[in-house]
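Trainee: For reference, the chains in residue letters:
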Amino acid sequence: MKVGITGASGFLGKKLSKKLIENGHEVFRFVRRDPKDESEIYWSPSKQELDNEKFKTLDAVIHLAGESLAPKDIIGFFPFSGGRWTKEKKSRIYWSRKWASDLFVEAFNSLDVYPKIYISASGTTIYGDHLDEVITENTTFNRGAFDQMVAEEAWELPFSKLIKSDVRKVFARTGVVIGNGNITTQLITLTTKLNLSGPLGNGLQYWSWISIDDVINAYIFCLENENVNGAVNLVSPVPLMQKEFSKKVAKVYKKFSILPTPKFALNLLMGSELANGLIFCSLRIIPEKLLKLGFKFQYPKLEEYIKVIKDGK
Amino acid sequence: MGQLIEVTTKKFNKSIIFELNRSISGQEGMTFHNISQASLIDEISGQLALELFKKLDEIDSIFVQSNMVSINFLRNLGDETQVAEDTIKNFFIFYKESKE
Chain A
0 MKVGITGASG
10 FLGKKLSKKL
20 IENGHEVFRF
30 VRRDPKDESE
40 IYWSPSKQEL
50 DNEKFKTLDA
60 VIHLAGESLA
70 PKDIIGFFPF
80 SGGRWTKEKK
90 SRIYWSRKWA
100 SDLFVEAFNS
110 LDVYPKIYIS
120 ASGTTIYGDH
130 LDEVITENTT
140 FNRGAFDQMV
150 AEEAWELPFS
160 KLIKSDVRKV
170 FARTGVVIGN
180 GNITTQLITL
190 TTKLNLSGPL
200 GNGLQYWSWI
210 SIDDVINAYI
220 FCLENENVNG
230 AVNLVSPVPL
240 MQKEFSKKVA
250 KVYKKFSILP
260 TPKFALNLLM
270 GSELANGLIF
280 CSLRIIPEKL
290 LKLGFKFQYP
300 KLEEYIKVIK
310 DGK
Chain B
0 MGQLIEVTTK
10 KFNKSIIFEL
20 NRSISGQEGM
30 TFHNISQASL
40 IDEISGQLAL
50 ELFKKLDEID
60 SIFVQSNMVS
70 INFLRNLGDE
80 TQVAEDTIKN
90 FFIFYKESKE
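From first to last, the protein sequence lines are chains A and B.
For the first sequence, position 75 matches number 74 in numbering that gives the first Met the number 0, and the numbering has no gaps at all.
For the second sequence, position 40 matches number 39 in numbering that gives the first Met the number 0, and the numbering has no gaps at all.
By construction, these hints were calculated from the structure, which means they are not laboratory data.
It should be emphasised that the depicted structure is a prediction, and the values quoted were computed from it without experimental measurement.
In silico lysine-lysine, BS3-like type, Cα no more than 25 Å apart, as pairs:
no., chain 1, residue 1, chain 2, residue 2
1, A, 262, A, 89
2, B, 13, A, 291
3, A, 295, A, 309
4, B, 54, B, 9
5, A, 115, A, 160
6, A, 18, A, 300
7, B, 54, A, 168
8, A, 291, B, 54
9, B, 53, A, 295
10, A, 295, B, 54
11, B, 88, A, 291
Just chain B, with the same shape it has in the complex:
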């Protein structure tokens, strides 16, 4: 069983930035514009993006760099974005299980 990730969330109109208490990618960063791109990346950043695309519609892009995850939506989703926060918090529980 993996650990819960602590997340600090900042909302800006159609974008949300999540600051995590651990790094999930290198410093270079990676942008995913759709679920297909995410599905091709076996690294943690790709798998997290894949889970976010699965759970949320209307994502324009996801950017993952170190301990930051930015999601740009096509419109302002209001409280619906809680799903994104929960997905990130629980990601390592899912990720561990899926790898076992």
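If we strip away everything but chain A, and leave its shape as in the complex, we get:
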């Protein structure tokens, strides 16, 4: 298949592009500058510009681009570092997604020839805090938080305006991605190695995590499996309470996980909105649709995957 990818230079985009090529697909990268070769396609979400001629030739679009919700590095969590959810940062988070979604909807609706598969990143934050309730793709949203609104209004809702019924749309609602090289994993392993991990707040909030390997496999499964449609939860089958999550990681590293961090301290450090969005929001999500369709997780259990990370694979 000819697959166009936005965000191809990001953490997920790079690895996904590589795997797609290994699987025999032809990958085209969306770029905001002048394309250097035939494998690049010009687009500019902020200017609402897209190379329609090249867009038409694609079989599928995988849309991953968007300003990161989390800071890019550990320093970014500190006040005045630019990583916190300031008004400007929130605006970039929202509009980087909304403009891109609007641009693709417009392209699909206005062209006679267009890709028949559209897979968009989305977030599990779309569900909003549900305490310990088990969440599936059919669970209703608890609205109110900024990151919930972003996932719903900027990633998914624009596609309700799509008039082409023969486009298979998939929204990959992805949980906390664990994998060597991303900021979440760096933070978790660093605090664990320094014996600084433990319950964050009361530690009872659920984290729905997934290994980067399973994220990539799930994207390819969604691309190649015609039965996949609509919202899909990209999370492992085992969501964990944060304090259990922390304990399991510590056990692999043979460290302690007993140091509690009060909620107010993290609110003060990161800003309460960011802390709530990334750390305290409780999302006990299961990948019901993926499992029903026969997807097999490579790493369903956290401790097995943390061992892989520890060994540097």
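With chain A fixed as given, assemble chain B onto it according to the hints.
Mentor: Structure of chain B alone, referenced to chain A:
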């Protein structure tokens, strides 16, 4: 190719109990509340629960003990539950093939 399982079915409002002519788990029994829990168990009971979750919506829980399988639904499904009976009857045909 595996064998068909003989099943006796008893319906009670939102619950169905299937009595099988062979045991598929130990005496301790195991409850599955969702497809994720079933997907983590490689034993026959987990794999059967996984197939039932795949084929039927609105399952509240599945309990497997020895030769008994109980499914509790979120609502009374009427004749739609025939799918569950067929899945159990044909399970070993599927299970054998998937393991080969």
